[in-house]
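S.K.: Order-wise, the sequence lines are chains A and B.
First residue of the first sequence? That's 449 in this note's numbering, and the numbers climb one at a time after it.
First residue of the second sequence? That's 449 in this note's numbering, and the numbers climb one at a time after it.
Not one of these hints is a red herring.
One copy or any two copies: either way a pair holds, since identical chains are not told apart in the list.
Straight line, CA to CA, 25 Å or less: simulated SDA-like cross-link-like pairs of lysine to any residue:
{"#": "1", "residue 1": "K534", "residue 2": "D755"}
{"#": "2", "residue 1": "K534", "residue 2": "P522"}
{"#": "3", "residue 1": "K534", "residue 2": "D491"}
{"#": "4", "residue 1": "K534", "residue 2": "E840"}
{"#": "5", "residue 1": "K638", "residue 2": "G593"}
Calculated from the structure, these hints are not laboratory results.
There are 2 protein chains.
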Amino acid sequence: MNQNDPSDIVGPHHYRNAEAMLAHGERVWLRAAESGLLDIHVDHESNDRLIVRETGHEFTLLCSCSYLGLNHHPRIIEGAVTALRKTGTTALSIAEIRVRLNLLVELEESLRDLYRAPALPGVSCSVLTAGILPLIASGHIGGAGGPRVMVFDRFCHFSMAYIKPICGDESLVLNCPHNDLNYLEDICKKYPRVAYVADGAYSMGGRTVLEGLLDLQNRYGLFLYFDDSHSLSIEGPRGEGYVRANIEMNPLTLIVGSLAKGFGASGGVAMLGDERDFQFLYRNAGPVTWSQNIDVAATGACLASADLHRSPELGQLQEKLRRNIDYFDQRFPTRFSGNGLPIRLIEVGDEDLAVRLSEELYRNGYYCSAVFFPIVARGAAGVRIMLRADLETDRLVSFCNTVESLMVSA
Amino acid sequence: MNQNDPSDIVGPHHYRNAEAMLAHGERVWLRAAESGLLDIHVDHESNDRLIVRETGHEFTLLCSCSYLGLNHHPRIIEGAVTALRKTGTTALSIAEIRVRLNLLVELEESLRDLYRAPALPGVSCSVLTAGILPLIASGHIGGAGGPRVMVFDRFCHFSMAYIKPICGDESLVLNCPHNDLNYLEDICKKYPRVAYVADGAYSMGGRTVLEGLLDLQNRYGLFLYFDDSHSLSIEGPRGEGYVRANIEMNPLTLIVGSLAKGFGASGGVAMLGDERDFQFLYRNAGPVTWSQNIDVAATGACLASADLHRSPELGQLQEKLRRNIDYFDQRFPTRFSGNGLPIRLIEVGDEDLAVRLSEELYRNGYYCSAVFFPIVARGAAGVRIMLRADLETDRLVSFCNTVESLMVSA
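Please work from the sequences and hints to get the whole structure.
M.R.: Structure, rendered in structure tokens:
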């Protein structure tokens, strides 16, 4: 018989604990499922009009990251179609660092021009993060000098937090209270080489503290890694996103972003601060190296979207989004009002109220998600809203009216 | 001044060591670069005819994982185009577990039918692995009873080995000599709950030891996790791949595979042994949950390819591939001869000879990669070949002739 105590094999849980995560996470998911807000299958007419085939129920998506509505832009759809027809293949199915299509090279050049930085494409933003962060930890990105202490902002996106154990096998991993520059400076004083990992615009609202971070970079050589997925395309004259629009690139800064949110296509991109890193990462960044990259259709969609980012239409869409955000802020003032980002939280306090509000909204034709502890603090439950440029004014006004009347009657 | 010894922050390097990996890896890459075999940009006419625009140099790809040539099948290209035109969007940009397109649901159903198992799609096979393996380690996949010891076959693909540190935060991680059933049985005797992580068909040639593993599963409740990317589509009456074609699914078995290799499209799929895991993984499998899934174009390409897998054409393509493999084996007998898989190694022994052979082959119009230590044992350097169904007989014959004459003259 087996004499081992099974607890012998339990890991150290330094960075994660699935059991504990699931205790919280499953509760949130199953609550959404009970409310009929999970696993909804739809046909697409527009982001304002999704249709459940079986019931005919129609609703507007207020929880999509397609902030500019580019996911259904005819030029982007046609970009994908043209690329498929022109190349006559879905992909070459060989590591891109060996042989790659001129079409993908064109995209690299196009994104390099758009973001004024070497631009490495990837099959998703989180795959780029999974490939790159461990090489920052080991000291192979960000200049010679050995490993770096990796400091993760406590609110940084799951896609970065998920890679902590891999980084932790290369160097010391620490957590930092959200946007806490003093805490971060203390770490910079204590260790010679430090990297800070954060969102540019946070997925639950708000921004990073860019100015203070650049000051720490200047004074301590702090490496800055940003995922700016939630502001890419919607900010900056060419949609560079919040961080890129407000800094000059340098070898101690790296920005990744999703090309499947505001950008309206698929995949992800890493804007590099060091020319040398482009080939180095193509060769060595884990899944970037040996896994599939964005395929031909996605490359074509991205090329079309990049062109659109160079046209006056981008500014017009950004302006439309801004008007929708302003209108919403006027109707529902929150602590994020006026920050220009599309993610908003309508706080109702009580968890059950939040769930019921999201249920009622769905019944009335609007999909948005109830959020509560541990996503937000206890007693701060609410409904998360994501605004879009292609949200029609009528829809937005009647959505706000519906929320208002539901909150009064609650 | 800083008083800390920088070595304080060096990680334990239990599972990885970028410095050591790069010492080997960069040598291989830079050698390939010197030979002009890296970073080649091409236009696509067919897998047999890629063209370097600047020089007009044409060559045949003998290093593509598109084993059936489906990457340029007109029906698959049109599948992608039709999906884009029909849905009018690239994606909804919302977590699929919340709201997803009927098109993606159709693909789930189609793959479920093809593989006779619940089938979870993902943006890539390695993303599925990154999401699922930690939940096997923590004991949340594979039945109640707590964490499992994770045993990685020493030859398992990078995409699985990469996740060791994440698994290691949840449970004990061990390495197993390649296909060593005795070693594995000893671990099964020592610990009550064990999972084994392996390739079905290995990317450097050869197979897993399926029968022996199933025996261990029966006797010890061993969980089996396979990446069968290199045999998917090319084996099995419906292209289920080596493992799925030879076992019945059960809650202690999970198979992942790439849909971007033999399958000819994009993304990846997980064949699940437990119906309950489908929703559970959609909700909780890390990047599967919060990252983008396969987009509309890829979904359309996959749907078309799945249909093709149900037609007689699949058998015809498998047969064509088999004929090419047989011809090659006859011309260049190796230890893998007769195993039916498309990956072959032409061993030349000396590293420089291998590099020069791959250079000369490229000059003669054939791209294949030189492999040497640490990818293969010292003194066993050679050239890796990947055969395809769409490799024209003339090309294959003249390729074999070229290799022969180059080896004689060497």
